[in-house]
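Undergrad: Between the sequences and the hints, there should be enough to build the whole structure, so can you do that?
If you read the protein sequences in the order shown, they are chains A and B. Quick note: this note's numbering has the first sequence finishing at residue 853, numbered continuously throughout. Quick note: this note's numbering has the second sequence finishing at residue 1249, numbered continuously throughout.
Source of the hints: derived by calculation from the structure; they are not laboratory data. Using N, Cα and C, we set each Cβ at its ideal position, and we do this for glycine too. Keep in mind that the hints are not guaranteed to be accurate.
[Said to hold, decoys possible] A few chain A residues that face chain B, going by a derived Cβ cut-off under 7 Å, partial list only:
| id | residue |
| --- | --- |
| 1 | G477 |
| 2 | V478 |
| 3 | R485 |
| 4 | A760 |
| 5 | V761 |
| 6 | G762 |
| 7 | T764 |
| 8 | L847 |
[Claimed, not checked] Distance windows between CB atoms, simulated:
| id | chain 1 | residue 1 | chain 2 | residue 2 | range |
| --- | --- | --- | --- | --- | --- |
| 9 | A | A730 | B | D1134 | 51 to 59 Å |
| 10 | B | N1178 | A | L329 | 40 to 48 Å |
| 11 | A | R843 | B | G1177 | 22 to 30 Å |
| 12 | A | T723 | B | D1125 | 58 to 66 Å |
| 13 | B | Y1020 | A | A374 | 48 to 56 Å |
| 14 | B | N1178 | A | R6 | 31 to 39 Å |
| 15 | B | D1024 | A | V370 | 51 to 59 Å |
| 16 | B | G1177 | A | R6 | 35 to 43 Å |
| 17 | A | L329 | B | D1083 | 40 to 48 Å |
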Amino acid sequence: MNASLRIGLTSLRAHRRRFAGTFLAVFLGVAFLTGTLVMGDTLRASFASMFGEATSGTDAVVRGADAITTPGEAQGVRRPVDLSLLKTIERVPGVAFAAPDIQGAGQLVGSDGRPVGGQGPPTLAGNWITDPRLNPYRLAEGRAPARPGEVVVNRGAAKKGGLRIGDTTTLRTPDPVKDTVVGLATFGDQDGMAQVTFTGMTRADAEKYLTARPGQASSVVVRAGPGVNQQDLVRRLTPVLPKGVEAVTGRQSAQEDTDMISSQFLTLFTTFLLVFSGVALLVATFSIHNTFAIVVAQRTRDNALLRALGAARGQVTAAALAEACLVALTASLTGLAGGIGIAAGLQALFPAIGFPFPEGDLVIKTLSLVLPLAVGIAVCLGSALLPARRAGRTAPLAALRETAVDTSGGSRARALAGIALGALALAATLAGVFVTPSVWLAGLGALLALAAFVVLGPVAATAAVRLLGGPLGRLRGVTGSLARRNALRSPKRTAATASALMIGVAVVSLFTVFGASLKATMDRTVSRSFAGDVAVSSPSFGAGGSGLSPRLAPALQRLPQVDTAVGLGRGVAEVDGSGRALTVTDPVALARTFDLGTVTGSLRGLGDDGIALTRAEADRRHLRTGDTARLTFTDGKSERFTVRAVYGSSELVGDYVITRAAWAPHRTQDADTMIAVTFRRGVNADAGKAAVRTVAARYGNPEVQTRDEYAQSSAGGIDMMLTLVYALLALAVVIALLGIANTLTLALHERTRELGLLRAVGQTRAQLRAMVRWESVLVAAFGTVGGLGLGTFLGWVLVKASDGASDTAFAFALPPVRLAAVALVGLTAGALAGLRPARRAARLDVLRAIAME
Amino acid sequence: MTTTTAPRAAARVAGAVKVYGGGDTAVHALDGVDVAFPAGRFTAIMGPSGSGKSTLMHCAAGLDTLTSGAVWIGETELGALDDRRLTLLRRDRVGFVFQAFNLVPTLTVAENITLPLDLAGRRGDQEWIDTLVDVVGLRDRLHHRPAELSGGQQQRVAVARAFAGRPDVVFADEPTGNLDSRSGAEVLGLLGRAVRQMDRTVVMVTHDPVAAAHADEVLFLADGRLVDRMESPTADRVLDRMKAFEVRT
Chain A
1 MNASLRIGLT SLRAHRRRFA GTFLAVFLGV AFLTGTLVMG DTLRASFASM FGEATSGTDA
61 VVRGADAITT PGEAQGVRRP VDLSLLKTIE RVPGVAFAAP DIQGAGQLVG SDGRPVGGQG
121 PPTLAGNWIT DPRLNPYRLA EGRAPARPGE VVVNRGAAKK GGLRIGDTTT LRTPDPVKDT
181 VVGLATFGDQ DGMAQVTFTG MTRADAEKYL TARPGQASSV VVRAGPGVNQ QDLVRRLTPV
241 LPKGVEAVTG RQSAQEDTDM ISSQFLTLFT TFLLVFSGVA LLVATFSIHN TFAIVVAQRT
301 RDNALLRALG AARGQVTAAA LAEACLVALT ASLTGLAGGI GIAAGLQALF PAIGFPFPEG
361 DLVIKTLSLV LPLAVGIAVC LGSALLPARR AGRTAPLAAL RETAVDTSGG SRARALAGIA
421 LGALALAATL AGVFVTPSVW LAGLGALLAL AAFVVLGPVA ATAAVRLLGG PLGRLRGVTG
481 SLARRNALRS PKRTAATASA LMIGVAVVSL FTVFGASLKA TMDRTVSRSF AGDVAVSSPS
541 FGAGGSGLSP RLAPALQRLP QVDTAVGLGR GVAEVDGSGR ALTVTDPVAL ARTFDLGTVT
601 GSLRGLGDDG IALTRAEADR RHLRTGDTAR LTFTDGKSER FTVRAVYGSS ELVGDYVITR
661 AAWAPHRTQD ADTMIAVTFR RGVNADAGKA AVRTVAARYG NPEVQTRDEY AQSSAGGIDM
721 MLTLVYALLA LAVVIALLGI ANTLTLALHE RTRELGLLRA VGQTRAQLRA MVRWESVLVA
781 AFGTVGGLGL GTFLGWVLVK ASDGASDTAF AFALPPVRLA AVALVGLTAG ALAGLRPARR
841 AARLDVLRAI AME
Chain B
1001 MTTTTAPRAA ARVAGAVKVY GGGDTAVHAL DGVDVAFPAG RFTAIMGPSG SGKSTLMHCA
1061 AGLDTLTSGA VWIGETELGA LDDRRLTLLR RDRVGFVFQA FNLVPTLTVA ENITLPLDLA
1121 GRRGDQEWID TLVDVVGLRD RLHHRPAELS GGQQQRVAVA RAFAGRPDVV FADEPTGNLD
1181 SRSGAEVLGL LGRAVRQMDR TVVMVTHDPV AAAHADEVLF LADGRLVDRM ESPTADRVLD
1241 RMKAFEVRT
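TA: Put into C-alpha cells, the structure is as follows:
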C-alpha cells in the first residue's frame, strides 16, 4: 500500500472520534439529498403508472384544441366540447364506445359539516362514466349513480369526510347540491388520485351543475374496437371533428396529466427540498473544514516528525487528503443508504398520516446515487484541501511548540478583502433594489454579502465575542470570563464554527422576515383596498375548493342589514393574444366595497362590450380609455371590447374587470371567489355578520369573516409554509451544532493540561462544565447574531427587490417575537451543543490531565 | 498511628498504601508510609525515580486517592470527601506549584494569582496579595499574559498563586525542574521566605539536592517506604545520602 494512504488510514483509525462530527455532517447532508431524489423519482413513477393504469382503457380523448393559460397556472382552460358531437364520434368506424367527460369543481361537505379537502389538491366532480374501461375510477363498493342526487365518492375523500354509503351530504358546485352517497370508488387501485377528491354523479346532474349550459362536456373519451390502435383511432376521428376540436391518444392525455402533476407539484416539491439539502451541505462544509483544520493543527508534531524523517510535502498532504477521502467515502456511502432508508420510511409513513403514497418499489436511478455521492465527496475533499496543504507545509522543526493563544485571523488583508466584498455586495444590492429593480442583481448582492460575512468572521469574532461575552464575566465571575477568553482564543476557529450556524440562522431569519413581510403586505392590501364590512369566502389554497355560489351575493343583497353585496367571479380570456384572468362582477358595486384608487373614465357604463383594467396593465399594453382590445374566450368566440375605465389598485380585484352581462355568453362553471358585503348605516357589525352567516349557511356554509379575520386567513398559507421551512432548516442547524460540539471537543482535547490545572487549583466539575457550556453559548451567540443580521438584511433585499420587480406593493415587516425566538433557539442550541463536550471534559482525571504530554 | 513531635501537622498521612494495577503486575507505589508535615516548616521529599515521592505528594494533596490508609489536611480526613468537597478543599486549603504549565494562558498574571480565590468567589486579602506580588517581584507584569513571561517568572507567578489564599499547606512538585539554576534559586528562595518570614507551610518533591537544601527537613523515600529523614540539610549531605541509594540499588 502507498505510504501516504497507509499513514492516512492509521491516523484515521487512531482518531476516529474526532471525525464523528464530520461523518455525521456528511452523512446527514448526503442522506437528505438522496432521500429527496429517490422520493421524487418514486413519486413521479408511481403517478405515471397510476395514471397509465387508471386510463389504460381510454384510447382517445376528443377535446378543445386550444387552451387559454393565464400566468402562474400550469393547466390551461380548454373550450368545452359540444355533445352533439357524440353521435358523430360514435358513428366513426373503429369506435367501440364514446362517453362525455364532464368535469368541474365540486367540494364535498363531510359528516361534520366541514368541507373535505380544498387545501392544495383539486376537489373535482364529474359525471360517472358508465363504461368501466373508460372510467379511471373503479367502483369498489355500492353501485353507480342512477337517479338524480346520487353520487359515487372516491374512497379517500369518503374516509376523510366520514361519509358512508347511504349518507346524505352536500356538494358545493358551488351551488349546494343535496346528494346521497351510493357508491365508493378507487382510482386504479388507490383510494384516490393522491389527495384529489372526486365525486361522480349522473350525466344529467353533471350537465346541470358543472357546466354553464347543458349539452357540453369537458371532453369526450373514446374506446377503440378490436384491431384498432390508439393512433389509428385518432387518425379516424380527426376528419370528422369541427374546427377547434382535436383528438389525442389516451396515452398522450395521460402523459400530459402526469407531466402536469410533475411540473406543478413534484418538481416544486423536490426543488424545494433540494434547496434545503443544499443549505445543509453548505453548513456542513464549514463544519468539516473546521474539523480538518483543527485536526491538522493538533497533528503538527506528528507531521513535523514525518517531514523530519524525510516525507515530502506532497506525501504529508496526500496522507491528510487520503484520510479525508476515507471519511468522505464512508460517510457518503452510509448517507446513500440512509437516504434510501428515509425514502422507504416516508413511503411507509405517508399512508399512515392519510397521504396516499402510491405503492410500488422505490425508484433508485443512477443519478440519485451518483450525484449525492459526488457531492458528499466533493464537499468533504474540498473542505479538507486547504488544511491538507497546510499540513504539507509543516516545517520539520515545528514540533515542540506549545499551543498557546492564537490570535491570528484578524489580519489586515482579510479585513480589507472582507470590506471590499461587503462594499461590492452593498452596491449590487442597492442597485438591484433601487436603480434597476432586479431580483437577480439583488440575489448576487445577497451572495456577496454572505461571502463578506464569512471572510470578515475572524475579524469580527474578537470584537463580537468580547461584546457579547462582556456581561458574562460580570454575571458569572471567573467561570464566565474564562469561557469568554476561551472563545477568543482562536478567532479564526470561532468564526469558522460560528459561520456554519450563521448560515443556518440567516436562512431561517430570511424566511421569517420575508414571511412576515408577505403577511404585512396582505394585511395592508386588505385594509387598504377592502372597504367592506365582512367578506364571504371559501378558504382554499392551491387548486382546491369550488368557490361560492353565484346566487349567494344576490341573496345577501336582499338582507335588510346589507347595503351592498358584490360577488367577484373569475373568468379567463386571451387579451390581445395572451391569457389573462378576468374579474366578473358588478363594477359599480365593486367600487363601493373596494378602494380602486384613482379611476379614469367611468365604471358605470361598462355594459356588455366594455372592460376596466389597472393602470399598470394599461401601461404595459399601451391602452387608454376609449381604446379597444380583442378578447378571445374559451368558447372560441372573439370580441372587441372598449376600455371604459382604468383604475389604480389591482390587489384583491385583479387586473381586468368585466360585467356579468359581458361574461354570460362565454361562461363556464359559475362561481364567485369572494363576496364583499357592506352594511347599511347603523347596523351592528355582529348582528350583520350573524345575518350574513345565516344566509350563507344555506349556500354550502362558506366562511364569513370580518375584515381583520379575512386579512389573517389570507395569510394562513404563509404560516403553513414557514412551518415547513423551519422543519427543513432544522437539519442545517443540527449540522451546525454538531460542528460546534465537535470543535469544542477538539479544542478541549488541546487544553487537557490546562483543564487539569484548573481542576487542581479548585475548579469544581460544575464550574468546568459551566465554563465549557458558556463558551459554546458564546460561539453560538456570535453565529446567531451574525445570522440574524445577515438574514434580516437579505429579507429586506428580497422584499425590496420583489417590490420593485412586481406590481404588488410589498410591505417590509420585522417580526420581533419570531426573531427573538430564533435568537433564543440559537442560544439554547449552543448550550445543548456544549453539553456533551462539557460532560466529557468534566470527567477528566486531574492527575492524568496534568501529566499529559 | 505515628505522629512526629512537631506542635501541629498541616498535613499528614498514615498507613499510606497505593497500588497501581492488580494481580501479577501490581506495583506498590506507596507501601505503608506514615508521615506528618508540620505547620510552618519547609519539608522536602526526595528519592530516586519510582520511589513513590510524587505519588505521596499527590495523595497528600488530594489529587489522588490512596488504596488504603488515611490523609489529613489540618484536621480534615480526605477519605470521606467526594470529588466536589475534595475540589473545594484543594481550592481553599491547599496551594500548588507544578513543574511546568502552572498558569492558565488566557488569564493575566494578576488573574492567575487570584484564580483559586476567584473560583471560590472570594475577594481575598488584598493587602496580603499585594505583599505577595512584591515579594515575587512581578508588580510591573500584572497585566501580562503568561506567554509573555520567562519560565522563571511564570514559576514565580505560580508561587504567588499558591500562597494567595493562605492555604494550610503548599505542595510543590519539582518546581525548579524546568528552570535554569538562577531562576530555580529565586523560586526556592521565595518558598523559603514564605515559610520563614510569613509562617507558611511547604512540602516540595524534588530530585535535586541543591533544591532540597533549601528545606528545613528532607524525607527520603525508596520503594514506597519512608527510609530516612535529615534535619537542616545541605546539598552535599543530601547528595551523599542519595548516592547511598544508588550504591544499594
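Undergrad: Each of the hints needs a verdict: does it hold here or not?
TA: Hints, verified against the model:
The restraint placing A/G477 at the interface with chain B holds, with a minimum CB-CB distance near 6 Å, inside the 7 Å limit. Here the hint on A/V478 is kept, as its CB sits about 4 Å from the closest CB of chain B, short of 7 Å. With a least beta-carbon distance of about 4 Å to chain B, the hint placing A/R485 at the interface is held under the 7 Å criterion. Of the supplied interface hints, the one on A/A760 holds, with its beta-carbon coming within about 6 Å of a beta-carbon of chain B, less than 7 Å.
The criterion of a C-beta within 7 Å of any C-beta in chain B is met by A/V761, whose closest approach is roughly 5 Å, and the hint holds. Interface hint status for A/G762: upheld, as the beta-carbon distance to the closest one in chain B is roughly 2 Å, under 7 Å. Proximity of A/T764 to chain B holds as hinted, the smallest CB-CB distance being about 5 Å (cut-off 7 Å). For the restraint placing A/L847 at the interface with chain B, the shortest Cβ-Cβ distance is roughly 5 Å, inside the 7 Å limit, so the hint holds.
Taken as a hint, the range 51 to 59 Å holds for the pair A/A730 and B/D1134, whose Cβ atoms sit roughly 58 Å apart. For the pair B/N1178 and A/L329, the beta carbons lie near 45 Å from each other, so the given range of 40 to 48 Å is met. A hinted range of 22 to 30 Å for the beta carbons of A/R843 and B/G1177 is consistent with their spacing of about 29 Å. In this structure the supplied range 58 to 66 Å holds for A/T723 paired with B/D1125, their Cβ-Cβ distance being about 59 Å.
A beta carbon spacing of about 53 Å between B/Y1020 and A/A374 agrees with the range 48 to 56 Å that was offered as a hint. For the pair B/N1178 and A/R6, the beta carbons lie near 37 Å from each other, so the given range of 31 to 39 Å is met. Checked against the hint of 51 to 59 Å, the C-beta distance between B/D1024 and A/V370 comes to roughly 58 Å, which is consistent with it. Between B/G1177 and A/R6 the beta carbon distance is about 38 Å. The supplied range of 35 to 43 Å therefore holds.
For A/L329 and B/D1083, the Cβ-Cβ distance of about 43 Å falls inside the hinted range of 40 to 48 Å, so the restraint holds.
The structure shown violates none of the earlier numbered hints.
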